[in-house]
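A.B. asks: Order-wise, the sequence lines are chains A and B. Start counting the first sequence at 1; every next residue gets the next number (the working numbering). Start counting the second sequence at 1001; every next residue gets the next number (the working numbering).
There may be inaccurate statements among the hints.
Pairs of lysine-lysine, DSSO-like flavour, derived with a Cα cap of 30 Å [to be verified]: (1) B:K1323 / A:K196; (2) B:K1010 / B:K1037; (3) B:K1328 / A:K199; (4) B:K1312 / A:K199.
In short, the hints are calculated from the structure, not lab data. Values in this document were obtained by computation on a predicted structure and should not be read as measured data.
These are the residues of each chain, in order.
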Amino acid sequence: MVVSAPAAPSRFEEVDSITIRFAGDSGDGMQVVGTQLTNVSAIMGNDIATFPDFPAEIRAPAGTLAGVSGFQVHFASTDIHTPGDSLNCLVVMNPAALKTNLKDLQPGGILIVNADSFGVTDLGKAKYATNPLEDGSLKGYRIVKVAIDKLNREALKDSNLAIRDADRCKNFFALGLVFWMFERSQETTIKWLHAKFGKKPDILQANISALKAGYNYGETVELMPIQYRVAKAKISPGTYRKITGNEALAMGLVAACELANKTMVCASYPITPATDVLHQLADMKNFGVKTIQAEDEIAAVGMALGASYGGAIGITGTSGPGVCLKSEAINLAVMTELPLVIIDVQRGGPSTGLPTKTEQSDLLQAFFGRNGESPVAIIAPKTPGDCFNMAFEAIRIATEFMVPIFILSDGYIANGAEPWLIPEVDNLPKIKINHPTGPNSQGSSATHENGAGEPGKFLPYKRNENLVRPWAIPGTIGLEHRIGGIEKQDVTGNINYEPANHEHMVWTRAQKVANIAKTIPDLVVEGDQEGELLVIGWGGTYGTIATGVQKARLNGWKIGQVHFQYLNPFPKNTAEVFQKFKYFLVPELNRGQLLLLLRGTFLIDAKGLNKIQGKPFLVSEIMDGIKPYFHSNGNADNS
Amino acid sequence: MTVTALPTLKPADFASDQEIRWCPGCGDYSILAQTRKALSTVPFPKEKMVFISGIGCSSRFPYYMNTYGFHTIHGRAPTFATGLKLAQPDLMVWVVTGDGDGLSIGGNHLIHALRRNIDIKILLFNNEIYGLTKGQYSPTSRLGTRTKTSPGGSIDAPIRALSLALAAEATFVARTMDLDPAHTASTLQRVAAHKGSAFVEIYQNCKIFNDGVFNYVTDKALRSDNALYLVHGKPMVFGKDNNKGIRLNGLDPEVVTIGKDCALDDIMVHDETAANPTMAYLLSRFAYPDFPEVFGVLRNVSEPTYDELMAKQMADSLAKKGKGDLRKLFRNDDLWTVE
Ligand code: SF4
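Construct all of the structure, not just a fragment, from the sequences and the given hints.
C.D. replies: Pasting the structure below:
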């Protein structure tokens, strides 16, 4: 929180940005109110970024440390790329939430506490020996103790709700307090409540009353000596909405298929944190989207590839453990050279790992997690909104090159939200897809193409200038042909075990994937175009790395930043960019996977900056990683 | 609408140009020949027929058919078939699998394809052995089967393919055998006509690794005493002298001699259309030497298919929400405008 205007004499203090986290029991509705604060802030013109953080168990025992669910919102008058490193304000609904979240509250930060939930049992469940509200351990924070349970019940005493149901509105009481403190309008939330509970007037009224009661309580008792105000951000003009990565993926896939005039068949098996994509697509049947919940991950990818074989856009969505199971069918897509889109919303691994937490540790799995020489295309969106663009790219590349393609999203951008400038449908790319309708053999009986036989035959592995084979679909008269996972002769597609042919096919499949580089954008260097240090990232870490690099550059340090959205193949100017820098730092939420690829591919002496805690990077961690490379005079020092 | 008459096809029109690589004497040859023959009589365009297989000897089948074909991965053929059928519901999609492919590694997909009643036709060539990997016992091998991986005799109780298909609620369940070509062809014609998931077990002789395992029904001298050919609406009668039958004693079927133990009227009458699959299940358990093994259609009922239900949901959604509009989709949340 940067104070940019004097506090006195106004009751309002003008600040650039605020980071708030709501934390409570999984049943306390923290995700709901966090989302509301996000929406309201966006509509009020702030830039926003969010970070929902919830436990793997749907309902761990109430009040326990394992059951704490949190939702962090960062809203600002400036351009922001991250949900914020540390909290200006933490709202805790019980002792367990306090215990698990306090470390993220900055010194002097505002701590709003539901004082009614600090009884002996509550403290016991959170394993507090003494009451932190009384033992002085919270010195250094601005504590706001509010008897939320009592005040909320009081506010709802005229409603027809039983106490239990009234208590379920207390998240909105807390939201009301926050709205008052940070000068947020209640209107949007009231509108949302009407839409949500219009058919249940009692509940609707109770939630509205709770919200208003919280707001008015703040005002009446002047809960804090000052309120905070965050001005509108300077954002490019246009109409915006808030979007999560999973929403953007679903919309992007639907839009790309519609504009390509293609049926989408999405087959998935439920898995956190990817299931949301299937949920959304399942509700879009009026776009011609077909979805199926398969019996397992293997069936899901099989169905998707079967659909691609039939000329549809076959898509399967999963997370790392699901990719393990899909590997065999992905390899069949490599061998048969059929398009296939695999969405991997990465989470902490190995094995079941951290189902609800983020990680970037499936990159090498996507590259190499299959038998044989098995090149696939790999792309990775860099922000929630970028998932929309990458969905288009996935379908374009898969169909233009007849390859399986991975979209490597992650739990952080999948669930995190940012403002999204709504695109004009007319400006979106229209992917052109051709299916052959007649034979493609030009051989004559005298000169058979690769033993291809008579003219007028269909040759399923006859390639175009990019080495791409034709996508002939069942139902087309005269093009009946057979494909499969056994090595085949180039051009004819007949089974073939000859040594030279196999080697030729291995190189051909690899070169075909390499050819994709001709059609993807160059790597863009942000910050210094040449200099001492190049910070290299990929996927969902973009926002944090960009913020860290921007801040580090304020010291006058010569730092460039590149971020890979295209990982296989790499953009064609990659080596050229690397030549302009002396040192290379690769921050990743893994043990150094891109690092290994870069060192192997480009022979650069890059170093890793690695975090594997199931959490995204903090801006400060990026800055700490950069610091050792520079003396105060701005020269790099990598000793 | 102009109706273009389908060209008249001959079995040879279904033969691809690929050299067939099964062992000489393999039962697969006969099944292939009967399939080509049966399909040449089916009023359906050849370019809309697709054969999908997994891995194993039988799974080479698609290469030898001049239709669209997809030789996929071990056990997963039903999943590719399902996806294909979703993409193009008007195709006739066949799955060719074996006992190892369909019942061992692919057992799960088989069950789920059948219970969904998606309109695909699954032919399971059962030779009670792994042929392509050179002779290991399979999930249908009888107890005591000696192979390289079961030198002391198999101690795995075998799966009954038909019982499994019925338990999975398949709407069409039948059995035939390689060495009764006419029956194979007529069964395949009936499969082609069925709407919904169809399952056919075909006894197939593996000449190399399990020769003669079905002799008791494939040998013409033994067949009539050990095979019961099911005919809808007809009593279950078999035997050299056509005087043996199946009688139900409570819930237990028994083999009786007509004229000695009972009259023809006491013999069970086959009803393939019974909604309740219990009788079909009873028949699926008949095993040599205690009972004659059944051939023909055990079950043939009509239920809405997965593809039909999917089409209906798509149409309903269209009717209710109108054709999807990307402009609206992008705006289905709170919006704000920055000037
Ligand atoms: S191994 Fe057996 S099943 Fe396989 S082709 Fe040879 S005879 Fe036929």
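A.B. asks: Hint compliance check: list the failing hint numbers for this structure, sorted ascending.
C.D. replies: Failing hints: none at all.
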